[in-house]
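Novice: Single-letter residue listing:
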Amino acid sequence: MTTALIFLPVGGALVVWLLPLRPFAVASTAFLVALAEVALWIDTLARFDFDKPGLQLDEQQSWFSDLHVSYHVGFYGFSLWLVGMSVVVLAAATGYAFWAGRDRPRAYYGLMLMLTGAIVGVFVSQDLLLFYVFWEAMLVPLYFLVGVWGGAGRLRATLLFVIYTMAGSLLMLASIIVLGISQGTFDLVNSGTNSSDWIFLGFVAAFAVKAPLFPLHAWLPETYRESSAEVSAVLSGVVSKLAAFGFLRIAIAKFPEPTADFRTPILVLAACGLVYGSLLAFRAPDLRGVIAYSSLAQMGLITLGLFAVNPLGLNGAVLQMVNHGLISASLFLIAGAVERRAATGELDALGGMARGRPALATVLMATGVIALAVPGSSAFAGEFAILAGVFTTGWGYAVVGAAAIVFAAMYMLRLISAVLHRSPGRAVTEAALDLRPAELGIIGPLVLCLLVLSAWPAAITERSFPTGRTLTELAGSR
Amino acid sequence: MIASLATPPIDWFALAAPLSLLAAGAVNLLAAVLVPRGDRRVVASVVAALGYAAAIAFAVALYQQTPDGHGVIADAIQRDRLGALTSVIIAGSGLLAVGVSFSERMSDDHIAEYYALLAWAGAGMTFLASAGTLLTLFLGLEWFSISLYILCAIDRELVGSLEAGLKYLIVGGFGSAMLLFGSALVYGATGRLEFHEIAAQVSAQDLSHDALLVAGLALMIGGLGFKASAAPFHMWTPDVYEGAPTPVTAFMSGATKAVALVLALRVLVTAFPQEARLWTIAIAAIACASLAVGNLAALVQTSLKRLLAYSSISQAGFMLIGIAANNALGARALLYYLIPYCAMSVGAFAVVAARERELNRPVTMDSLAGFGWERPLLGGGMTVFMLGFAGFPLTGGFVGKFYVFSAAYEHGWTWLVIVGVVATAVSLYYYLGVIRAMYFRPSEELQLAAVAGGSPPRELLLQSAVGAAIVVTVGSFFAVQPLIDIARHAAESLRF
Numbered sequence: 241m242t243t244a245l246i247f248l249p250v251g252g253a254l255v256v257w258l259l260p261l262r263p264f265a266v267a268s269t270a271f272l273v274a275l276a277e278v279a280l281w282i283d284t285l286a287r288f289d290f291d292k293p294g295l296q297l298d299e300q301q302s303w304f305s306d307l308h309v310s311y312h313v314g315f316y317g318f319s320l321w322l323v324g325m326s327v328v329v330l331a332a333a334t335g336y337a338f339w340a341g342r343d344r345p346r347a348y349y350g351l352m353l354m355l356t357g358a359i360v361g362v363f364v365s366q367d368l369l370l371f372y373v374f375w376e377a378m379l380v381p382l383y384f385l386v387g388v389w390g391g392a393g394r395l396r397a398t399l400l401f402v403i404y405t406m407a408g409s410l411l412m413l414a415s416i417i418v419l420g421i422s423q424g425t426f427d428l429v430n431s432g433t434n435s436s437d438w439i440f441l442g443f444v445a446a447f448a449v450k451a452p453l454f455p456l457h458a459w460l461p462e463t464y465r466e467s468s469a470e471v472s473a474v475l476s477g478v479v480s481k482l483a484a485f486g487f488l489r490i491a492i493a494k495f496p497e498p499t500a501d502f503r504t505p506i507l508v509l510a511a512c513g514l515v516y517g518s519l520l521a522f523r524a525p526d527l528r529g530v531i532a533y534s535s536l537a538q539m540g541l542i543t544l545g546l547f548a549v550n551p552l553g554l555n556g557a558v559l560q561m562v563n564h565g566l567i568s569a570s571l572f573l574i575a576g577a578v579e580r581r582a583a584t585g586e587l588d589a590l591g592g593m594a595r596g597r598p599a600l601a602t603v604l605m606a607t608g609v610i611a612l613a614v615p616g617s618s619a620f621a622g623e624f625a626i627l628a629g630v631f632t633t634g635w636g637y638a639v640v641g642a643a644a645i646v647f648a649a650m651y652m653l654r655l656i657s658a659v660l661h662r663s664p665g666r667a668v669t670e671a672a673l674d675l676r677p678a679e680l681g682i683i684g685p686l687v688l689c690l691l692v693l694s695a696w697p698a699a700i701t702e703r704s705f706p707t708g709r710t711l712t713e714l715a716g717s718r
Numbered sequence: 018m019i020a021s022l023a024t025p026p027i028d029w030f031a032l033a034a035p036l037s038l039l040a041a042g043a044v045n046l047l048a049a050v051l052v053p054r055g056d057r058r059v060v061a062s063v064v065a066a067l068g069y070a071a072a073i074a075f076a077v078a079l080y081q082q083t084p085d086g087h088g089v090i091a092d093a094i095q096r097d098r099l100g101a102l103t104s105v106i107i108a109g110s111g112l113l114a115v116g117v118s119f120s121e122r123m124s125d126d127h128i129a130e131y132y133a134l135l136a137w138a139g140a141g142m143t144f145l146a147s148a149g150t151l152l153t154l155f156l157g158l159e160w161f162s163i164s165l166y167i168l169c170a171i172d173r174e175l176v177g178s179l180e181a182g183l184k185y186l187i188v189g190g191f192g193s194a195m196l197l198f199g200s201a202l203v204y205g206a207t208g209r210l211e212f213h214e215i216a217a218q219v220s221a222q223d224l225s226h227d228a229l230l231v232a233g234l235a236l237m238i239g240g241l242g243f244k245a246s247a248a249p250f251h252m253w254t255p256d257v258y259e260g261a262p263t264p265v266t267a268f269m270s271g272a273t274k275a276v277a278l279v280l281a282l283r284v285l286v287t288a289f290p291q292e293a294r295l296w297t298i299a300i301a302a303i304a305c306a307s308l309a310v311g312n313l314a315a316l317v318q319t320s321l322k323r324l325l326a327y328s329s330i331s332q333a334g335f336m337l338i339g340i341a342a343n344n345a346l347g348a349r350a351l352l353y354y355l356i357p358y359c360a361m362s363v364g365a366f367a368v369v370a371a372r373e374r375e376l377n378r379p380v381t382m383d384s385l386a387g388f389g390w391e392r393p394l395l396g397g398g399m400t401v402f403m404l405g406f407a408g409f410p411l412t413g414g415f416v417g418k419f420y421v422f423s424a425a426y427e428h429g430w431t432w433l434v435i436v437g438v439v440a441t442a443v444s445l446y447y448y449l450g451v452i453r454a455m456y457f458r459p460s461e462e463l464q465l466a467a468v469a470g471g472s473p474p475r476e477l478l479l480q481s482a483v484g485a486a487i488v489v490t491v492g493s494f495f496a497v498q499p500l501i502d503i504a505r506h507a508a509e510s511l512r513f
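These protein sequence lines map, in sequence, to chains A and B.
If you use the numbering used here, the first sequence corresponds to residues 241 to 718, in order.
If you use the numbering used here, the second sequence corresponds to residues 18 to 513, in order.
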């Protein structure tokens, strides 16, 4: 079951690459596979028993036995939700590309499907080396997707992106080797915790770059600006969550003592990133800039929740990971739609798009209002839980976090009014249409998911760590 | 008098792989005079390919029938799985190189001699792979080196080919001299030629601090370093790789390196176990130097062949880490790593050869623009090979690096793991740079004066060679268990 979830998109990628299909057939095949992936996830959800502790739907197969590396995959409650968010966002991204049309479709959609498989793989792997394999396998499609289909500055953007990410990843590889060989197995479930600071920091380096955590975010604005809209949506919505997932699954769960030692510096960095990202988002001159920096801020907030290391903080962080994935994906897709119409993302040149474009206005308003954490929204639930969780660690963090919610209101409202309200900007012509039904059909479901979560955030908070023995379970047994 | 000389029994089967390649070379020499000029190219290449195929078959059979290694022919040859596996790797590289050579634009004058030399170079290497004494070591080394000197210079119409041959001859001759002098010193110190007897004498006479022996060991490491093109013995590599005909470069970069590294492992572990405290440090230092020189110099290359040459220096550095670890895991790591390495190396140079034939001039990074989209198989292959060299998952290069680093860690050298990791990070810049050059920039940017009109040449053999290299590179990632079992059995020929 779990394996099918990884290899369905990979198989789809091979079909797309190897069969000489026509461009339309390629795109529709890819989109269908992405939808089938969502269906498969729903099926998985139905099979998952939230009352049972521990790893579920797991499969294990020895890969090479002399170093005890195996193909070991399975689900925990929270990884199930993160995979769900990922497959939904990736299906939306694939659908958006289908609608927008991309050059060299066979290469493009193959890479998109490959990316889907690798991302699911990271979330479900229960073996350190397998985790690394998927983690790196994810980078290759992203490298191509940004570098080939990106904007004018794509060469520099990919270079920054890859150098930053790989510098982190390779430190993680060193940590994995040291940890795996010294404990005699690379398995995450059948191994105990570790107390080495250096190994811990190797992992943290990789995740802090990928998230990104302040001050390792130099790659972020350029990459998010130069990628095509749907790739930015995946990068900020899904890929950054893998880093948060890594923090939770490996750094925090496997290294309780180093986590306690390094908690303060990490929390301080997260709080800095939260404030700094919010301020930059408020000052950013373009749509993508606002969303990119808000993503930095939100990752800071999620990191606060994770390193609170208590049930409230962790549950809030997982909920917020899902929220932010959906929010930033739909914001980037909306940004893409706006840029297609106005040929620019400069906020100065936009404005007045609400008039005569009800669908665009509604979707952007709904997403924006949820993003700024209006009480009653799912983001409010997530942020509240995170702040309540981190409050017990230090009230200062909670104050910073609460301030950041105000900042979030500032930059989101600025974005909404700059696009929708004011007098029509110079780049907005009468000919610019409202969202087409296809676009609505792609972005709408993301917003719908957010609304459902707003109504029922407990779906995630009460089902991420159902037994309450969160970390002891994740730490594994030995 | 001669009749009274006792001749040792000869195990022809242990020599079957080199012998079949020798025979292929001999047939090709006959073909050079007997076969009409028009058919010579086809006949010669088929004969060379058959020779290599037979060598693979014999080596596989030898592997299967030799569970326990032992010396044959008065211990001059070690009949063991280590030699057999290395022979399979060498002959596989040779077979691919024959495929790459087929449509090389070379005059028909010496085509049969070219294939004869290609077969003999492989014969020398397969012979060397199971050398058991200092004499057979030197004999095998010179055997394949002389073949390669000529091969580098064989294409008189190619600019730089002659220069490459001469440079290789002079520097390689110097390396061989070092090896020979080192062997002489070791023989002088111990009085024995057989590797295991050297070790026995060292412990029997307590020679492990003997100046003669240590000096000899140092010179031998240097001599083998020349052949493996490890820094600081790498100076010849970029010029020779660039100047030699590309199929020859492909063969050299794969097979020569494989045999030199395996031999270094065999000699150091079998003959000098008491000196391990010295040579592990020396090899680690050479590995670090190779990683530094190879990676840093590759960053600034514009010629693709030079870039790959420096990359091969850095790859030698990675594989030397496995030797420096001086444990069973390290030997296994080296032997495993060689399998995808040779495939990637030969494959990458094959792609270069294809682009060269298309453009009719040396390939630079700029002249790769758009290549990936124009030639999906070759471009995809190059992408796989570059990702493999850089150690990305879904290629055997990743598993190889992982094993090598694990071996270093098991030896207790975490610093060497860090060095390797940093080197990998640096190498990404140029490996991904090749991919960037192929895909990210549209071919319109390419200001090529004369790409020959019409569709590019269809080189079926070259493309199948690249396809086979892709299969090995990717397949070795998924089939780690069987390959590592083979490597483990081969490494059991050595005593750790």
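Quick caveat, the hints were computed from the structure, so don't treat them as lab data.
No residue lacks a Cβ here, since even glycine has one placed at the ideal position from N, Cα and C.
Hints are not guaranteed to be accurate.
[To be verified] Chain B side only, calculated, beta carbon under 8 angstroms to chain A, not exhaustive:
| # | residue |
| --- | --- |
| 1 | F422 |
| 2 | Y426 |
| 3 | W432 |
| 4 | V436 |
| 5 | V438 |
| 6 | T441 |
| 7 | A442 |
| 8 | L449 |
| 9 | Y456 |
| 10 | V497 |
Novice: Next step is simple, just say for each hint if it's right about the structure.
Specialist: Hints, one by one, checked against the model:
Hint on F422/B holds. Least Cβ distance to chain A is approximately 5 angstroms, under the 8 angstroms limit. At a threshold of 8 angstroms, the smallest CB-CB gap from Y426/B to chain A is about 5 angstroms, leaving the interface hint in force. Interface restraint check for W432/B: the shortest CB-CB distance to chain A comes to about 11 angstroms, outside 8 angstroms, so the restraint is violated. Because the smallest distance between the Cβ of V436/B and any Cβ of chain A comes to about 10 angstroms, over 8 angstroms, the interface hint for this residue is violated.
About 5 angstroms separates the beta-carbon of V438/B from the nearest beta-carbon of chain A, less than 8 angstroms, and the hint is met. Of the supplied interface hints, the one on T441/B holds, with its beta-carbon coming within about 6 angstroms of a beta-carbon of chain A, less than 8 angstroms. For A442/B, the suggested interface contact is upheld, since its CB lies about 5 angstroms from the closest CB of chain A, less than 8 angstroms. Hint on L449/B holds. Least Cβ distance to chain A is approximately 6 angstroms, under the 8 angstroms limit.
Evaluation of the Y456/B hint against chain A yields a held restraint, the C-beta minimum of about 6 angstroms falling below 8 angstroms. The closest approach between the C-beta of V497/B and any C-beta of chain A is roughly 4 angstroms, which is under the 8 angstroms cut-off, so the hint is satisfied.
Checked against the numbered hints listed earlier, the structure breaks hints 3 and 4; every other hint is satisfied.
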